[in-house]
Amino acid sequence: MVRAETDGSEHGPVLTVAAQIEKLLAGDASERYYAAWWLGRVRAQESVTALIDALGYAEDRTPTGAYPVRRNAARALGKLQDPEAIPALSQSLQTGDALLSAAVVQALGAIAQDHPEHQVAVGQRLLQELPPLQAIDPAAAPVDGLLESLIESLGDLKYLAAVDTVTSYQQHPSVRVRCAAARAGYRLTQDPACVEPLLVVLQDENIHLRRAALLDLGASGYLQGANAIAAAPVETNIKLLALKALLDGHLPQDPIPAAVLPVLAMLDDLI
Numbered sequence: 024m025v026r027a028e029t030d031g032s033e034h035g036p037v038l039t040v041a042a043q044i045e046k047l048l049a050g051d052a053s054e055r056y057y058a059a060w061w062l063g064r065v066r067a068q069e070s071v072t073a074l075i076d077a078l079g080y081a082e083d084r085t086p087t088g089a090y091p092v093r094r095n096a097a098r099a100l101g102k103l104q105d106p107e108a109i110p111a112l113s114q115s116l117q118t119g120d121a122l123l124s125a126a127v128v129q130a131l132g133a134i135a136q137d138h139p140e141h142q143v144a145v146g147q148r149l150l151q152e153l154p155p156l157q158a159i160d161p162a163a164a165p166v167d168g169l170l171e172s173l174i175e176s177l178g179d180l181k182y183l184a185a186v187d188t189v190t191s192y193q194q195h196p197s198v199r200v201r202c203a204a205a206r207a208g209y210r211l212t213q214d215p216a217c218v219e220p221l222l223v224v225l226q227d228e229n230i231h232l233r234r235a236a237l238l239d240l241g242a243s244g245y246l247q248g249a250n251a252i253a254a255a256p257v258e259t260n261i262k263l264l265a266l267k268a269l270l271d272g273h274l275p276q277d278p279i280p281a282a283v284l285p286v287l288a289m290l291d292d293l294i
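In this note's numbering, the protein residues as written are 24 to 294.
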């Protein structure tokens, strides 16, 4: 684990876990923001308690209503994947900051995936967050990103009770939300029809939507989509990320499934 990045001389203070925990607890807003990010980046498990405390830093609210320190704390807790953070994260889902809520959702999903005994409880909690968002006018509040995170996390957790709710978003006005629903729908049902919308978006004129659809197709675990990923009009580095995500759902297995071998060959061809 990384413990320091500078030499402590004229280049500035040594970056240690202890020093950054102190900054997180008692520094100014910019110091807390950086400390929360850094502690997550170096996977400092001993900072979990301090990061949980940072989730309550309501005084760091910006004039636009955002909570950047709390957001970085949530992201860091997602990287540390300690189930001790689940209660505090769950209490931070509704703050009025959609970006913070999305970070919390992603953190809860990451922790529950690493600790299967929490998957049902976290899935139930995330599913409860969807109905209130349906009543919000998208023009009044930017909730599409939060919707994406909720839908994707429910799929990643394979929370089967969410199937009907998740698939209902395949008709959502936002292309990104529809892509999230396609990805999650396949993870929940293994029905190839669910990923058809992703294959369509791979040909969209908007490069950002093509990239998003490519990554969603990879994260879906749909092995038969590998050829579409390799042939998509998207940068090679994005294709590599998508193919790696595709493989992550099927490896490690011993022996390696025969269906995975062509995907490994595609990776070699792209590198």
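Quick caveat, the hints were computed from the structure, so don't treat them as lab data. Quick reminder that beta carbons are idealized off the backbone N, C-alpha and C, glycines included. Careful, some of the hints might be misleading.
Mimicking DSS-like on lysine-lysine, the simulated pairs with C-alpha atoms at most 27 Å apart in a straight line are [claimed, not checked]:
#1 Lys267 - Lys102
#2 Lys181 - Lys102
#3 Lys267 - Lys181
Cβ pair distances, simulated, as ranges [unchecked claim]:
#4 Ala144 - Glu228: 40 to 48 Å
#5 Ala282 - Ala144: 30 to 38 Å
#6 Pro165 - Asp187: 20 to 28 Å
#7 Ile294 - Leu232: 21 to 29 Å
#8 Glu228 - Pro106: 42 to 50 Å
#9 Thr212 - Glu82: 28 to 36 Å
Going through the hints against the structure:
Taking the CA atoms of Lys267 and Lys102, the gap is near 19 Å; set against the 27 Å cutoff, the hint holds. The hinted pair formed by Lys181 and Lys102 meets the criterion: a straight-line CA distance of about 20 Å does not exceed 27 Å. A C-alpha spacing of about 20 Å is found between Lys267 and Lys181, which places the hinted pair at or below 27 Å, so the restraint holds. Separated by about 42 Å at the C-beta atoms, Ala144 and Glu228 satisfy the suggested range of 40 to 48 Å.
Checked against the given bound of 30 to 38 Å, the beta carbons of Ala282 and Ala144, roughly 33 Å apart, stay inside it. For the hinted restraint 20 to 28 Å between Pro165 and Asp187, the CB-CB distance of approximately 26 Å keeps it satisfied. Taking 21 to 29 Å as the suggested C-beta distance range, the pair Ile294 and Leu232 conforms, at roughly 26 Å. The hint said 42 to 50 Å for the Cβ distance between Glu228 and Pro106, and at roughly 44 Å that hint holds.
Taken as a hint, the range 28 to 36 Å is violated for the pair Thr212 and Glu82, whose Cβ atoms sit roughly 45 Å apart.
The structure fails to meet hint 9 from the earlier list, while all remaining hints are met.
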